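**Q** If you want the building blocks of each chain, they are given just below.
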Amino acid sequence: MSEIAIRVEGMRKRYRIGERERYTALRDVLGNAIKAPWRMLRGKNRGASNGKPDHIWALDGVSLEIKHGEAVGLIGRNGAGKTTLLKILSRITKPTEGRAEIHGRVGSLLEVGTGFHQELTGRENIYLNGAILGMKKAEIDRKFDEMVAFAEVETFLDTPVKHYSSGMYVRLAFAVAAHLEPEILLVDEVLAVGDAAFQKKCLGKMNEVTRAGRTVVFVSHNMSAIENLCASAYQIDGGHIVRAGDTRTVVSGYLAEQHRPEANPFTNCTRTGNGKLRVTSFRLETPLGKPLDVARSGEAVVFAFGFENRGCAARDRVSFSFSVHTDHEVAVFHYYSHFSNTVFENLPATGTFKCRLPELALAPGNYLVMCRAMLNGDQFIGTEADWPQVYVPLSVASGDFYGTGDVNLTTWAPILVKGTWSME
Amino acid sequence: MATLIQTKAGGENLSAAVPMVVIQPPRGWFDLDFAEMWAYRELLYFFVWRDIKVRYKQTVVGAGWAVLQPFATMVVFSLFFGKLAKLPPEGIPYPIFFYCALLPWTYFAGALSGATSTVVENQRLITKVYFPRILLPLASVISGLVDFAIAFVLLIAMAFYYGMVPTAAALLLPAFLLLAILTALAAGLWLSALNAIYRDVRYVMPFLVQFWMFASPVAYPSTLVPERWRWIYGLNPMAGVIEGFRWAITGQGQAPGGLIFVSAGVVIVMLIGGLLYFRRMEGTVADVV
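Keeping their order, the protein sequence lines are chains W and D. In terms of my numbering, the first sequence is residues 1 to 424. In terms of my numbering, the second sequence is residues 425 to 713.
It is worth saying that the hints were derived from the structure and are not from the lab. Worth double-checking, as some hints may not be accurate.
Okay, derived cross-link-like pairs now, EDC-like style, lysine to aspartate or glutamate, Cα gap no bigger than 16 Å in a straight line [said to hold, decoys possible]:
no.	chain 1	residue 1	chain 2	residue 2
1	W	K354	W	D246
2	D	K477	W	E299
3	W	K201	W	E152
4	W	K67	W	D246
5	D	K481	W	E257
6	W	K67	W	E119
7	W	K94	D	E706
8	W	K136	D	E460
9	W	K205	W	E146
10	W	K354	W	E424
11	W	K205	W	E181
12	W	K67	W	E9
13	W	K137	D	E466
14	D	K477	W	D158
15	W	K276	W	E384
16	W	K418	W	E299
17	W	K136	D	E466
18	D	K481	W	E9
Predicted model, so just to flag it, every value in this text is computed and none were measured.
Throw the hints in and build the complete structure from the sequences for me.
**A** As structure tokens, this is what we get:
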């Protein structure tokens with residue numbers, strides 16, 4: 001067997017703008033012919049009359065190689081071209097230019113439940129959907145019981161799926177898809193369905209597939225899923241591969257790009273306080289002082305807040321604090337420097353308050369940071385110096401919090417704890 | 425769960441011959457891949473099976489519709505064209521005369537309409553999964569045969585009732601049926617591909633089917649057409665099919681002869697053209713449908 005599973009060379013795909021979800025009515029063709037007969041005859045009736053280009057390159061020169069047994073993630077913003085690439089590799093649509101070679105039987109999963117028919121029963125849909133996904137009837141026969149068990153729909157097997165609850169429907173659909181065993185599996189964002197528990201089950205199943213040594217190309221916006229499943233990743237942007245390499249690096253780079261604030265949020269925000277001190281910036285740093293775009297669970301991280309001294313006397317004592325909130329603005333923790341018996345005196349004209357957390361106990365996800373400076377304060381008594389009314393985004397990627405070497409953290413709560421377990 | 429996965433992981437070993445697929449821009453006109461169609465034959469079976477399963481779901485009469493439609497039309501035709509308009513029946517009872525034509529015609533009209541809309545109806549499927557798209561119209565044309573078979577039973581009953589004995593000509597019936605299938609497929613390929621791009625086809629279909637019926641000897645014998653124009657009449661393949669059916673079932677009148685060869689020729693040309701056109705559309709249908 002050749003070592004390469006997928007080889008893509010200079011792949012380009014052009015779409016006419018508005019082509020998707022649009023169809024031509026004969027009226028339009030005739031209308032154009034009447035309006036501009038000459039252009040029609042010269043075959044240029046779709047010309048860009050308003051000066052805008054009438055097409056986009058959804059893929060613009062993508063080349064990559066994926067070896068057998070590799071699990072590769074494709075990440076990127078919406079419209080970056082990930083799904084287009086997947087559609088070309090699964091032969092749903094043809095490229096405009098370029099070439100790809102695929103060595104092995106391909107199964108693609110761009111959607112869960114493709115081809116399910118409402119009027120057919122669960123049993124019938126398993127066969128139909130399995131066949132559509134490329135399974136042989138004998139193969140479906142063999143795996144039928146496993147699929148039914150996975151979907152937990154035993155009692156409703158002979159009920160038309162139109163009477164299924166949406167949860168049952170999705171479970172059944174995923175059960176069929178999960179038992180697809182091609183040599184190369186192309187998966188689009190299909191885990192974004194169902195409830196949290198089911199998503200976890202799907203993720204577990206995907207994990208088994210990659211561990212079993214199959215070649216998997218996985219598109220997702222769920223970065224921790226990508227990190228868990230894939231060893232290497234490509235970031236696509238504007239139809240190009242802009243970043244490639246091991247998943248952690250690619251994901252970090254991508255997240256950093258996503259969360260880099262457009263402008264300094266502290267320049268134009270509303271504030272409360274007497275204004276003797278002003279917070280001017282926030283950034284994350286490594287313990288060695290290098291700027292950090294994404295924090296990782298379990299790793300040391302420094303929260304650094306730049307400030308300007310606008311009238312604190314040398315003997316004024318400052319307690320600085322910051323709080324971290326979930327993206328739903330629910331506070332996760334709040335930390336004043338004086339909790340740790342630290343107050344700041346002799347403030348320079350400009351400087352930075354730094355708080356080093358030796359081990360970040362936040363689960364992967366997106367958070368918000370807020371900060372506040374109190375003057376001459378301890379035990380909450382004192383004068384507010386500055387409280388910028390702004391949330392600054394903070395993204396946390398999965399890391400080895402528990403020191404097990406496994407970054408596979410699937411937890412739904414924001415705080416991580418660890419201790420020792422025993423049984424008596 | 426754990427045991428379940430272990431059996432899965434160990435279950436399959438990768439076959440020695442790894443299939444290799446090359447993906448590149450559509451090129452040329454002549455790249456029909458019959459080997460691939462053959463490889464997907466099970467999916468064709470499932471599409472046909474789905475069509476049949478779903479067709480009469482949640483109806484009271486169910487598969488009875490397959491008989492009721494041609495039967496009711498036959499009664500109406502016998503009354504109006506036969507009894508009132510006094511059409512020359514050529515020595516065949518009116519009901520048999522009309523039913524022999526309505527049998528292939530009902531099949532053809534249903535298969536053609538089904539095939540035409542199938543690509544658009546399966547839009548979701550086409551944009552999410554790869555398979556040779558030709559399976560869709562092919563499945564529509566094949567699944568219509570079930571209705572044909574059901575309606576055929578009534579014909580046998582009617583033949584008994586009128587005391588008709590099948591002649592050797594009946595042996596040619598499968599050939600005429602095949603011609604009907606190929607005609608529906610050929611036209612269906614063209615129209616379904618066009619329908620994917622121009623939705624106008626959907627509105628044209630009812631008229632097209634109606635005009636085509638008037639242009640076929642369903643409600644009248646083809647002997648109404650002057651002898652020297654008969655071959656032009658054969659350009660409509662359904663003329664050959666229907667005359668063939670009448671002749672093969674009743675064993676009366678003369679064999680369609682030249683007409684059928686003209687029809688067969690036309691079908692072959694239409695079919696090859698349809699295959700090529702459909703194939704050309706196939707590569708980009710997911711982008712436009």
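**Q** It remains to establish, for every hint, whether it holds in the given structure.
**A** Going down the list of hints, with the structure as the test:
Of the supplied pair hints, the one linking W/K354 and W/D246 is violated, its CA atoms being roughly 31 Å apart against a limit of 16 Å. Between D/K477 and W/E299 the CA atoms are separated by roughly 58 Å; this puts the pair beyond 16 Å, and the hint is violated. Taken as a hint, the W/K201 and W/E152 pair is honoured in the structure, with Cα atoms around 12 Å apart against an allowance of 16 Å. Simply put, W/K67 and W/D246 have alpha-carbon atoms about 14 Å apart, close enough for the 16 Å limit, and the pair holds.
About 53 Å separates the Cα atoms of D/K481 and W/E257, which puts this hinted pair outside 16 Å; it is violated. The suggested pairing of W/K67 with W/E119 is violated, with an alpha-carbon distance near 41 Å, which exceeds 16 Å. Only pairs whose Cα atoms come within 16 Å are accepted, and W/K94 paired with D/E706 is accepted, the gap being roughly 9 Å. The hinted pair formed by W/K136 and D/E460 meets the criterion: a straight-line CA distance of about 15 Å does not exceed 16 Å.
For a cut-off of 16 Å, the pair hint linking W/K205 to W/E146 stands: about 13 Å separates their Cα positions. With a C-alpha separation of about 43 Å, the suggested pair W/K354 and W/E424 falls outside the 16 Å cut-off, and the hint is violated. The straight-line distance between the Cα atoms of W/K205 and W/E181 is roughly 12 Å, inside the 16 Å bound, and the hint therefore holds. This hinted pair checks out: W/K67 and W/E9 have alpha carbons roughly 15 Å apart, not beyond 16 Å.
The hinted pair formed by W/K137 and D/E466 meets the criterion: a straight-line CA distance of about 7 Å does not exceed 16 Å. Between D/K477 and W/D158 the alpha-carbon distance is near 14 Å, which keeps this suggested pair within the 16 Å criterion. Distance restraint check for W/K276 and W/E384: the Cα-Cα separation of roughly 9 Å lies within the 16 Å cut-off, and the hinted pair is therefore satisfied. Proximity of W/K418 to W/E299 is assessed by CA-CA distance (about 14 Å); at most 16 Å being required, the pair is judged to hold.
In summary, the hint linking W/K136 to D/E466 is supported, as the alpha carbons are separated by about 7 Å, within the 16 Å threshold. Using a Cα cut-off of 16 Å, the hinted pair D/K481 and W/E9 is violated, with the two alpha carbons roughly 48 Å apart.
Hint violations for this structure: numbers 1, 2, 5, 6, 10 and 18, all remaining hints satisfied.
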